[in-house]
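Q: Listed below, chain by chain, are the residues.
Number of protein chains: 2
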Amino acid sequence: MTENEIISYITEYGVKAKKAANILATASAGVKNQVLANAAKLLIENTDKIIAENTIDVENAAANGMSVPMQDRLRLTPDRIKGMAEGLTQLIALDDPIGTIIEGYKRPNGLEIIKKRVPLGVIGIIFEARPNVTADAAGLCIKSGNACILRGGKEALRSNMAVASVFAEALEDAGLPRDCVQLLDNTDREIATAMMRLNKYIDVLIPRGGAGLIRAVVNNASVPVIQTGTGNCHVYIDNEANKEMAVSVIMNAKTQRPSVCNAAETLLVNAEIAESFLPVIAKELATKKVELRCCDKTYTVLSKLFLDTTVIEASHEDWDTEYDDLILAIKVVSDYKEAVEHINNHGTGHSEAIITDNYNKAKYFQENVDAACVYVNASTRFTDGFEFGFGAEIGISNQKLHTRGPMGLMELTTIKYVINGNGQIRQ
Amino acid sequence: MTENEIISYITEYGVKAKKAANILATASAGVKNQVLANAAKLLIENTDKIIAENTIDVENAAANGMSVPMQDRLRLTPDRIKGMAEGLTQLIALDDPIGTIIEGYKRPNGLEIIKKRVPLGVIGIIFEARPNVTADAAGLCIKSGNACILRGGKEALRSNMAVASVFAEALEDAGLPRDCVQLLDNTDREIATAMMRLNKYIDVLIPRGGAGLIRAVVNNASVPVIQTGTGNCHVYIDNEANKEMAVSVIMNAKTQRPSVCNAAETLLVNAEIAESFLPVIAKELATKKVELRCCDKTYTVLSKLFLDTTVIEASHEDWDTEYDDLILAIKVVSDYKEAVEHINNHGTGHSEAIITDNYNKAKYFQENVDAACVYVNASTRFTDGFEFGFGAEIGISNQKLHTRGPMGLMELTTIKYVINGNGQIRQ
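As given, the protein sequences belong to chains A and B, one line each in that order. When we follow our numbering, the leftmost residue of the first sequence carries the number 4, and every step to the right adds one. When we follow our numbering, the leftmost residue of the second sequence carries the number 4, and every step to the right adds one.
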């Protein structure tokens, strides 16, 4: 496509989305819930059709050399489609955040100022190969009153189109515009880039995917972005920690699901307990074959042991690396203050934990660590919309603008001031 | 400077700012207020020195052909410096937003989740020629616990440096790092661009200035931006409006201070009252020499009259233009719904008003107009942090991410979750 064709292609989506958003913004909770119920039903009814489209996607991907684990992420089964439908059904039970009066007051001149919760408007979501994101993101946007423009990965285009068409029908059946949920039918990179600069029609962009995708969106977008998901998380074990709890939290934070953003990547250990504690935790980590990348002091202690896993010396880059894998960097620090400094220098502002029984150290850690979620005596793995009780999640923000941490329905809203007067003019 | 030198120049500011921000974030309200009091005092004490530097700026600007009104904006007088000091003193009385517990709850697993208000961290502010912004922005950032990196205009560099050095001293005297407030001593455009991409050290960018500056920041920044100040505001006069109130609000919204973003730019008039109302308001606007740019119907009515001002036919561009001047576009619309549609198509989401005595129309207008501030029977000119009772203002957001409308101290904060456990791990 020429540059003009690209602009005209994406602008058409934008115009339709904005028009749909203005209608969806004032739809009642009842109508929005009806859309979700319709979509859940239609997903099940269309299982065969969706799987037929998905099978073509998977076959093409395999022919193009996609790895087997990636093919598995791309594949839809009746169970996975049922899971998507159940996700939508769960959203119905959640409170509608829209229309809440946050606060209101009267000014000395008699003006009544009311701060209300309203939808963001049009949300652009750029995501990678998993087609369940289409249903998930569309459901969250509808419930929070936002129109969305979805741009999925090339490999999942047929699957995504099949799921998106279910939403168009579900919307129409509830009397709302089909354009409340639109999926780009062209996955050219140039179109995605143009979408990132469609400020007139898109209010917010949320990238969902790996570090490369998020970096590309942050670097290229002029539309406001919510950056999600980069998590170089730490657990600091204080000399006054309960050691059993320390082992249990580290094992959970590192090994329960190592591929996710709230898993721990670096273990910091107080120098006083390094010689006694490091062998204990290392043996435990070795049972799960966690590779250990050690600072000098840690290496001196651990290299003497016979551990059934890789133990190597850490490089400078290790302190800044999100492995998302069964690898853990370990560093001995002189005290909790050095731990905080290390975290603020190397962390990504996601989730950080201290294990200690000392009140003052716990308080200092929570006040001085600059991150979305700061834990005392618990695993970093709890940073999650469901674990926080939001009942839903579109991602975990690790920027500071708009919101931080897990984002549920509330985080997909903004505010509007409505002001009632009786002829006030400014002096 | 080479590209490497630029990066190293701006990174040094970033490193210092982040270090200072970590200390300022936990400073007590008392200490922050002491800084403001110190700075107010030092501004007055250093009046002669600041004016000496400012005089050089103004002379250089004049020699370089700066217009006389722009020179006036650049010029500092003892009264203007006193005004800056008074602005800082007023901040002392305001509540410190930092540390508030927004909410907190216990999860079924016993985890206690607490949502706290914390500073954004490091705020970058890029602004144009008025040196009072230096004191104003620095004061707001200190009170809200944020370190700032200020980049002012080339023409005001000496004045800005003089004001910034007052803050360095005020901070030091209160025991806080001088680097809480830093001003770039090099105003090269390439450095400003590098600052807009310093994601590792700057949490939020706020441009303060004209449309060109704001566009440049939005288009070039990878750091999250709060877009401020573009205001193509409308007043819609309904057929059920109180006509005296309508005239009073229009005159106020258009002429009380036409150069600002919350001034009205387009008047929409219900067709039923067009013939009777337009001559009345046009005569009143003519007394202030407001140029009228009219739709066909309006022109048919007004061109018959002898008005002591310019009356011309509007072009398509007029509906999208923020004049910031004594010019008003006028359009006749069939009803309030067409008014809402026009506003949603041409407005910038800033401030919009309806004048009506009809409850249902007022409600429809407030629910369906997509803008930060939607007024019934009051002037758009009230969109302002002081008029809203915030006691301070850093700008007016017309994006939807983070906040909308006037931004005071509260809007310069973000949240942090602190989570207290007793060994919880995720199942």
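By construction, these hints were calculated from the structure, which means they are not laboratory data. Take these hints with a grain of salt, some might be off.
Any copy will do: because identical chains look the same in the list, a pair fits if it lies in one copy or spans two.
In silico lysine-lysine, DSSO-like type, Cα no more than 27 Å apart, as pairs [to be verified]:
hint, residue 1, residue 2
1, LYS246, LYS366
2, LYS300, LYS286
3, LYS203, LYS366
4, LYS109, LYS291
5, LYS366, LYS118
6, LYS203, LYS292
7, LYS44, LYS246
8, LYS291, LYS157
9, LYS109, LYS157
10, LYS246, LYS21
11, LYS366, LYS22
12, LYS307, LYS85
13, LYS44, LYS203
14, LYS246, LYS85
15, LYS85, LYS21
16, LYS109, LYS366
17, LYS118, LYS203
18, LYS340, LYS119
19, LYS118, LYS44
20, LYS85, LYS286
21, LYS286, LYS22
22, LYS52, LYS300
23, LYS157, LYS119
24, LYS52, LYS291
25, LYS340, LYS118
Q: Are the hints correct? Go through all of them and say.
A: Results for each hint:
For a Cα distance limit of 27 Å, the shortest separation of LYS246 from LYS366 inside one copy, 20 Å, qualifies, whereas the shortest one across copies, 61 Å, does not. In this assembly of identical chains, the alpha carbons of LYS300 and LYS286 lie at most 27 Å apart only when taken from the same copy (17 Å versus 85 Å across copies). In the homo-oligomer, the alpha carbons of LYS203 and LYS366 lie at most 27 Å apart only across protomers (26 Å), although the nearest pairing inside one protomer, at 45 Å, exceeds that limit. For the homomeric pair LYS109 and LYS291, neither the shortest alpha-carbon distance inside one copy (62 Å) nor that between copies (32 Å) is at most 27 Å.
For the homomeric pair LYS366 and LYS118, the shortest alpha-carbon distance between copies (15 Å) is at most 27 Å, but the shortest distance inside one copy (34 Å) is not. Proximity of LYS203 to LYS292 under the C-alpha cut-off of 27 Å is found in neither arrangement, the shortest distances being 51 Å within a copy and 33 Å between copies. Taking the shortest Cα distances, LYS44 and LYS246 never come within 27 Å of each other, neither inside one copy (50 Å) nor across copies (54 Å). Taking CA atoms no more than 27 Å apart as the test, LYS291 paired with LYS157 passes in neither setting, with 36 Å inside one copy and 60 Å between copies.
In the homo-oligomer, the alpha carbons of LYS109 and LYS157 never lie at most 27 Å apart, since the shortest distance is 53 Å inside one protomer and 43 Å across protomers. Proximity of LYS246 to LYS21 under the C-alpha cut-off of 27 Å is found in neither arrangement, the shortest distances being 55 Å within a copy and 34 Å between copies. Within a single copy, LYS366 and LYS22 get their C-alpha atoms only as close as 49 Å, which misses the 27 Å cut-off; across copies the closest is 20 Å, which meets it. Proximity of LYS307 and LYS85 under a CA criterion of 27 Å is satisfied in neither setting, with 52 Å inside one chain copy and 70 Å between copies.
Taking the shortest Cα distances, LYS44 and LYS203 never come within 27 Å of each other, neither inside one copy (35 Å) nor across copies (45 Å). Proximity of LYS246 and LYS85 under a CA criterion of 27 Å is satisfied in neither setting, with 42 Å inside one chain copy and 60 Å between copies. In this assembly of identical chains, the alpha carbons of LYS85 and LYS21 never lie at most 27 Å apart, being 31 Å within a copy and 47 Å across copies at closest. Taking identical chains as interchangeable, the C-alpha atoms of LYS109 and LYS366 lie at most 27 Å apart only when they sit on different chains, with a minimum of 18 Å there against 39 Å within one chain.
For the homomeric pair LYS118 and LYS203, the shortest alpha-carbon distance inside one copy (24 Å) is at most 27 Å, but the shortest distance between copies (33 Å) is not. With identical chains, the CA atoms of LYS340 and LYS119 are at most 27 Å apart between copies only, with a shortest distance of 21 Å across copies and 42 Å within one. In this homomeric assembly, LYS118 and LYS44 never come within 27 Å of each other (Cα to Cα): the closest approach is 37 Å inside a single copy and 37 Å across copies. Proximity of LYS85 and LYS286 under a CA criterion of 27 Å is satisfied in neither setting, with 41 Å inside one chain copy and 68 Å between copies.
For the homomeric pair LYS286 and LYS22, neither the shortest alpha-carbon distance inside one copy (60 Å) nor that between copies (37 Å) is at most 27 Å. With identical chains, the CA atoms of LYS52 and LYS300 are never at most 27 Å apart, being 59 Å at best within one copy and 55 Å at best between copies. With identical chains, the CA atoms of LYS157 and LYS119 are never at most 27 Å apart, being 39 Å at best within one copy and 41 Å at best between copies. When the C-alpha separation of LYS52 and LYS291 is checked against a cutoff of 27 Å, the pair qualifies neither within a copy, at 41 Å, nor between copies, at 68 Å.
In this assembly of identical chains, the alpha carbons of LYS340 and LYS118 lie at most 27 Å apart only when taken from different copies (23 Å versus 41 Å within one copy).
Of the hints listed earlier, those the structure fails to meet are numbers 4, 6, 7, 8, 9, 10, 12, 13, 14, 15, 19, 20, 21, 22, 23, 24, in rising order.
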